[in-house]
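> Sequence:
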Amino acid sequence: MATEMARSPFKTMTRCRTRKKRGRPAADRFSRRDHADQEHRPVHQARSHRRALSALCLCRADHAADLCALRRCWAPHVDARRRAADHADRPARGRVTLAAAVGQCADGAGTAGDMAGGRSTLAAGLPWLAPTLVSDKKVVVGPDRVTDWLPFFACPRRIRLAVEREGVCALGGPADFGIVRQYRTQNYGANYTDWTHPLSPYRTDPKGVRFPVHPNPGSRGYRGWLGIWGGGSVEASRSVAAWDDKRRDLEVDPRADVSAWGYDMDNMKACAWVDDRVPWFAFDQPEDRKAWLSRASAAIEAAGVAAAALGLAIRRVRAGVFSRDANGTEQFRVREDASLDLSVDAQSAFWAETEPLFRTWLDKLARAPDDPQQTHLRDWRDGLRHATLALFDRFAGLPEDGDSTPDAMKCWAKARAALDRAFSDHAKAEVTAALKLDIPDTQGGKRRKAKQEPVP
1 MATEMARSPF KTMTRCRTRK KRGRPAADRF SRRDHADQEH RPVHQARSHR RALSALCLCR
61 ADHAADLCAL RRCWAPHVDA RRRAADHADR PARGRVTLAA AVGQCADGAG TAGDMAGGRS
121 TLAAGLPWLA PTLVSDKKVV VGPDRVTDWL PFFACPRRIR LAVEREGVCA LGGPADFGIV
181 RQYRTQNYGA NYTDWTHPLS PYRTDPKGVR FPVHPNPGSR GYRGWLGIWG GGSVEASRSV
241 AAWDDKRRDL EVDPRADVSA WGYDMDNMKA CAWVDDRVPW FAFDQPEDRK AWLSRASAAI
301 EAAGVAAAAL GLAIRRVRAG VFSRDANGTE QFRVREDASL DLSVDAQSAF WAETEPLFRT
361 WLDKLARAPD DPQQTHLRDW RDGLRHATLA LFDRFAGLPE DGDSTPDAMK CWAKARAALD
421 RAFSDHAKAE VTAALKLDIP DTQGGKRRKA KQEPVP
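Positions 1 to 456 (UniProt numbering) are the ones given, in order, by the sequence shown.
Keep in mind that the hints are not guaranteed to be accurate.
Unchecked claim - In silico DSS-like cross-links for lysine-lysine, where the CA-CA straight-line distance does not exceed 27 Å: (1) K410 <-> K290; (2) K364 <-> K246; (3) K436 <-> K290; (4) K137 <-> K246.
Hints in this document: simulated from the structure, not taken from any laboratory. None of these values were measured; they are calculated from a predicted model.
Could you put the whole structure together from the sequences, leaning on the hints where they help?
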């Protein structure tokens with residue numbers, strides 16, 4: 001049995017692939033056999049990539065580097081039997097961590113009771129030394145089952161080294177702390193739930209399930225700042241939420257930026273590094289913060305509406321056509337085969353060029369967050385209108401004299417007029433509706449109040 005379990009997992013996988021059996025796929029045969037390798041049983045021999053090195057001895061440092069290459073370069077397919085190192089609802093991203101247990105735990109000496117007691121003591125501060133939790137039979141792991149340190153050292157799948165006293169490192173490394181010939185691993189990791197990392201904001205889906213807010217290169221700029229501030233379905237991180245209380249004791253400037261960063265992940269692959277400095281405003285009264293957050297959220301929503309209107313207007317210029325309906329009325333529309341890429345550059349420039357304007361507007365709003373006359377919201381709408389029309393003129397532009405056909409001029413004029421109407425005092429004006437501005441009644445001279453939603 002010991003000889004059987006000490007075989008290389010790569011050899012086992014290769015053998016199963018070459019000798020196919022009907023009715024059971026090769027990957028399933030490998031996984032069933034690998035699952036029998038529990039933590040207390042004999043271990044697999046250490047491997048370097050896919051080559052079987054049965055006689056290789058490595059010091060701890062060299063073996064750690066070897067494991068990093070194995071996990072990152074030759075990671076097995078992720079399924080129910082092999083928990084991913086990066087999972088959405090687990091406490092934190094996985095990492096390769098080696099800890100030297102002192103005393104009897106490191107030397108492998110002593111009784112089973114001594115080993116268990118030593119490991120239990122160390123696991124209180126080093127969570128990866130605790131026994132591996134397995135989520136078989138639909139068992140989930142919540143914060144009440146483990147130590148509070150676990151969110152910083154998530155252990156969905158661990159590899160434990162079997163350290164020997166005597167031996168020589170094949171790569172010439174120091175063997176003062178023992179050498180490693182074998183390791184053991186545990187399939188079927190843990191399913192984590194109800195975890196909240198203190199540095200991460202969270203959102204709640206319609207089913208009431210909480211998920212961390214992930215960064216995305218497409219949301220760089222002030223579009224993603226609501227994820228840091230919180231509000232609505234997004235809950236700010238605990239560290240950010242506690243800042244208002246701590247700043248008074250620290251006697252620091254209430255106007256301070258928050259550094260936000262993280263990887264944009266795609267199926268365990270890091271696609272891009274996203275970082276930003278988000279303005280943070282502290283308020284003495286909770287009502288002031290709610291009012292400020294409500295208006296800032298409406299301003300960001302209105303900016304998104306303005307960016308979409310800008311993109312549609314440019315598509316109308318570049319792909320607009322005229323047609324007549326059954327009554328002979330001329331209609332202006334965008335061709336169905338028009339590419340969405342026509343307006344991408346203009347929308348990207350919109351978010352980049354309106355960010356300084358938005359930062360300045362936030363400073364003014366923080367000094368008077370109540371704004372009963374909607375002065376700040378109207379100033380923001382006027383600033384968006386000016387910036388949007390300027391970008392339209394730059395990216396769409398008037399046709400050249402030699403290319404200025406009547407239809408081309410008509411497309412340009414109608415597209416710009418439709419874009420300008422989105423900022424007007426009209427019930428159907430998209431940007432005005434997003435800001436929930438009061439609309440003047442042209443008949444009675446009164447102002448009709450927009451429908452107000454409850455403050456988050």
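> It remains to establish, for every hint, whether it holds in the given structure.
Against the structure, the hints:
no.	hint	in the structure
1	K410 <-> K290	violated, 46 Å
2	K364 <-> K246	holds, 24 Å
3	K436 <-> K290	holds, 16 Å
4	K137 <-> K246	violated, 43 Å
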